[in-house]
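The hints should help you fit chain B onto chain A, whose structure is shown.
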Amino acid sequence: MKALRNYIDKIKPTFQKGGKLEALHSTFEAFETFLFVPNKVTTVGAHIRDAIDMKRTMSVVVMALMPALLFGMWNVGYQHALSTGAVMTFWEVFLYGFIKVFPIIAVSYIVGLGIEFAFAQSRKHEVNEGFLVTGMLIPLIVPADIPLWMVAIATAFAVVIGKEVFGGTGMNIFNPALLARAFLFFAYPSYMSGDKIWVSGMIKGEGIVDGFSGATPLANAAAHHMDKIPSTWDMFIGTIPGSIGETSTLAILIGALFLIITGIGSWKIMLSTVLGGLSIGFLFNIFAVNPFMEIPAWHHLIMGGFAFGAVFMATDPVSGAQTEKGKWIYGFLIGFFAVLVRVLNPAYPEGMMLSILLMNAFAPLIDHYIIEASIRRRHKRAAIAANNR
Amino acid sequence: MFSNFNTKSMPGVIRIKRGLNIPLKGEAEKVFSRVPQAETYAVKPTDFAGLTPKLMVAEGDKVKAGSPLFVDKYRPEVQFTSPVSGEVISIIRGERRKILEVVVKPTEVQEYIEFGKANPKTLKRSDIVERLLLSGSWPLIRQRPYAIVANSTDIPRDIFISGFDTAPLAPDLDFSVKDEKEAFQAGIDALSMLTNGKIYLGLNNDYPASDVFTKAKGVTVNYFTGPHPAGNVGIQIHHTAPINKGEVVWVINPLNVIIIGRLFTMGVYDTTKIIAVAGSEVLKPRYYITKIGASITEFVANNTTQPTEKLRFISGNVLTGSKISANGHLGMYDNMVTVIPEGDFYEFVGWATPGFTKYSNTRTFFSKLLPDKKYALHTNINGGERAFVITGQYDKVLPMDIYPVHLLKAILAGDIDKMENLGIYEVAEEDFALCEYVCTSKVDVQNIIREGIDLMIKELN
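Listed in order, the protein sequences are those of chains A and B.
One point on numbering: in the numbering used here, the residue at position 217 of the first sequence is 219, and numbering is uninterrupted.
One point on numbering: in the numbering used here, the residue at position 238 of the second sequence is 531, and numbering is uninterrupted.
Mixed in with the good hints there might be a few duds.
[Claimed, not checked] Label pairs and their computed distance ranges (CB to CB): (1) B:Glu352 - A:Arg378: 54 to 60 Å; (2) A:Arg378 - B:Thr513: 25 to 31 Å; (3) B:Asn489 - A:Thr45: 39 to 45 Å; (4) B:Ser618 - A:Gly20: 29 to 35 Å; (5) A:Gly20 - B:Gly707: 33 to 39 Å; (6) A:Lys19 - B:Lys391: 27 to 33 Å; (7) B:Asp637 - A:Gly20: 22 to 28 Å; (8) B:Thr513 - A:Asn389: 17 to 23 Å; (9) B:Thr650 - A:Ala388: 37 to 43 Å; (10) B:Asp708 - A:Arg378: 15 to 21 Å; (11) A:Thr45 - B:Thr650: 21 to 27 Å.
It is worth saying that the hints were derived from the structure and are not from the lab.
Yeah, the Cβ is synthetic: ideal placement off N, Cα and C, and Gly gets one too.
Chain A on its own, in the form it takes in the complex (with noise of 0.2 Å):
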C-alpha cells in the first residue's frame, strides 16, 4: 500500500491549486479518501473522534441492499423464465437478471456521481457519500425492462431538483430516490403502471406463457381479482412481480435487521410504519365494502412497495422526522397513508411512494411541533421561577 500512496502522493499536486487537472480536485479527492482515511487531526474541540465517518455509514446502508439486490435480480431471470415457460438452470435465471440489472445500476451510479462531484467542485466542498445509497436505491424500485435513458434522467432529476437545488446532501426536503421514482411514475406513466412492465420480456410479448399475468399482488388486489394474488408464502419470499428490489419482504427483513443491529436505520420509523400499515389494515378490515378492504391486514405489508419504503425509504434521516418523538409519529403516518392511498384509490396501487413523499414535506412540520412542545417546558419554567422570586 505504501507504493499506492506513493503514487497518489505523487500525482496529488495535478489536482490541487493550480495544478494542471485543478477542475478534477473534487473527483480526485473523493477517490483518494475512498482509497485512504486521509491524515487530518483534530486541531478545536475534541481531541479524539469516533471511529465512524459517513462512508462507513453509508456502506452499511448499501450492504444493507444486497440481499434485496441479489434476490431482485434472480427474481427478474425468474419472472422471465415464468412469463415465458423457459426452462433455466439457477445460475442462468441470475444471470438473465443480472444482465437486465447491472446496467441500471452503473448508470445510475455515473450519472448521479457525476453530477455529484460537478457540485462538489463548484462548491469546492467535499464529496458526500449520501449518493453511494440513492444510486443503489434507484435500480431497486424501478421495473427491470426500464430503459436506460430514463434511468438517467431520473437520476438528474433526483440528483439536482432532488438535492442539489435545495443546497446539496442534508438540506433536502425529499427522499431523491423516492423523488427519482415519482418522476418516472408520472413523467412516463406507460413504462411504471400496467400489467405487463413488471416482468422482463412482457412489453416486447417475448412468447407469453397462455394465462400468465404480469400483474403485481396490488394491482391484482385493486382490480378486486382476489383468486390471483399469489400466495402470502409467494409475496413474503418474493417470487412475484414488482420492481426489482421490493417483491422479497424476507430479503429486505435481512436488511433491516441489518440496520437495526447496526443502529444506522431507525427501529423507530421502521416499527412505527408498520403499526400505521396494521392500524389503517385492522380499520378497513371492519369496515370493508370490498375485497380489497377484507385482506388480511398484515398482506399489506407484505405486498408492493411497503417493506421496502419502511425499511430503506422512510428512514432515510435527512428527509424523515429528525427528533426520537417526531419518529414515531412520522413513520406512523407514512404506513397509514401507504394503505389509505393504496385500498381507497385504485389508479394509484402503489401508495407507498406517494405516502413517503407526502410526509417527507410534513416532516419538518412534526419537528416543529415536539420542538415547541420543549421551548414551551422552557418557558413555562422560566414564568414559575419569576413568579417564585
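Just chain B, lined up with the frame of chain A:
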C-alpha cells in the same frame, strides 16, 4: 449513612441515562509521585473565553504569588495573578500580537502576597469579593449562562459544584481533595456569603464519596448516577434547578474551592492542587502535586512511550482540553494532563476495516463485541467533514431537554430568539463535547456552541 450508596433504592438519586464513557487506556493509578518544582509557570489568557487581557507586567518584572499579571480590559477589577513568586521571563504572543501566555520563572523560596487569615463567615460580602478579586482567585468562579468568568457585581441565584469528574481518564476528585477538609469548608463558607441561594454539591452515587464532601456544612448534596457527562456541572444544574432566562448561577470546581479556602485559612493565594497525568502514552500514569499553570515538563519527560513529536499533550481531558507542547503549561481550570498518540497518518480503506481495534459509539465495528476492551485512541478525525445527515446521534450523549442539532443550526443561522428558545443559556461547550466526539459528519460542535454564546453576549450586553 452508607445506605446512601445503594443505587437502586435510594430516592432522590438523579439518574443520567444518556451519555458515554469512552474506554481509554492509561487511567492514573492512585499513587502520588513527587517531582521537583516546575521550571516555569504560566497564566494563559486563552483559558478564559471572551477575555481581552490588559498586561500589568513586562518581561523582567519581579512578582509574588498573587501579583497581577494581566487584567480583563473591560472589567479591570478582575485580575489574573501569578501562582508563584519569581520573574516574568517571557510574554508569548500569537497572531496579531494576541497574548497567549505570561510565563513566570519561580524563585527557590516562594513569597506570597499576604491577605491575612480570616473566618469568611465574619467578613462582609464585599470584603470577600474584594479579597477574591485582589488575590486572583476570582476567575476560578465561572458563571452560567455563557461559561465565562463570573461578574463580581452579580448576586448568583445559586452556586453549583460538581464533586466528581466523569470525563475520560479524569482524576478521582475524592482522592485529590482527601487532605483538604479544612480548606474546602472554608471555601464553601466564603462562597456561601456570595449567594442568597443554595450551594449545590453534586456527588457520584456509584461509590462512597470522600468525607471532605459528605461532611461539608452549608451545602445541598445531590447524588447522580450515570455515564459521562453526569459529572459536568451544566448537566447537574439542568437536572436540579435549571437556569431560566435572566438568571445567573455560578459554578466552581472543588479543587478551586480549596484554593479559595486557603485564601482565608492561610491568607494567601496558594494554588497547590493534585492533578492526574494519564493517557495511553504515559509510562506511569499517576497523580502529582502541583500548582496552577505549572509546566508539564517534569511530569512527562522520560515518562512517555514514544518521542514527543508523535504525541499529543493535552492540558485537561481528551474531550475538552487544550493542546499544549511537551513543555507547555497546565491550564487554569485543568486538573489533569493527558498524553495520546497523534493520528497524522493515512489508513488504507480505513472506513471499510472490520474494526476490532477501533472504538465507536455506533454498532458498526466489530469492537462492539469486546465490551471490556480499552483503547489507545489517536487524534485522527477518522473521516472528512460533512453536512448534518445522521439524526439522533447527539441526543444519545446529551442528557438535557435540548435538541442539539436544532440549537446548532440556530447558532449557525445567527437566530438569537431561536437560540434562546432552544436553551443556549443552559449549555457550555463541555456539555456538547461528546456530541462532537460521536459526530459522523465530523462537525466542530464545541466551536459552534462557543460562537453562539459569543453572539449572545455581544447582542444582549
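To see whether the hints hold, each was checked on the structure:
Here the CB-CB span from Glu352 of chain B to Arg378 of chain A is close to 57 Å, well matched to the stated 54 to 60 Å. Range check, Arg378 of chain A to Thr513 of chain B: Cβ separation about 28 Å, and the 25 to 31 Å hint holds. With their beta carbons about 43 Å apart, Asn489 of chain B and Thr45 of chain A fall inside the hinted range of 39 to 45 Å. At about 33 Å, the beta-carbon gap between Ser618 of chain B and Gly20 of chain A stays in the expected band of 29 to 35 Å.
One distance hint, 33 to 39 Å for the beta-carbon pair Gly20 of chain A and Gly707 of chain B, holds here, with the actual separation near 35 Å. A hinted range of 27 to 33 Å for the beta carbons of Lys19 of chain A and Lys391 of chain B is consistent with their spacing of about 29 Å. The hinted range of 22 to 28 Å is satisfied by Asp637 of chain B and Gly20 of chain A, whose Cβ atoms lie roughly 24 Å apart. For Thr513 of chain B and Asn389 of chain A, the Cβ-Cβ distance of about 22 Å falls inside the hinted range of 17 to 23 Å, so the restraint holds.
Evaluation of the 37 to 43 Å hint for Thr650 of chain B and Ala388 of chain A yields a failure: the beta carbon distance comes to about 53 Å. At roughly 18 Å, the beta-carbon separation of Asp708 of chain B and Arg378 of chain A lies within the given 15 to 21 Å, and the hint holds. The hint said 21 to 27 Å for the Cβ distance between Thr45 of chain A and Thr650 of chain B, and at roughly 24 Å that hint holds.
Going through the hint list in order, the structure does not satisfy hint 9, though it satisfies all others.
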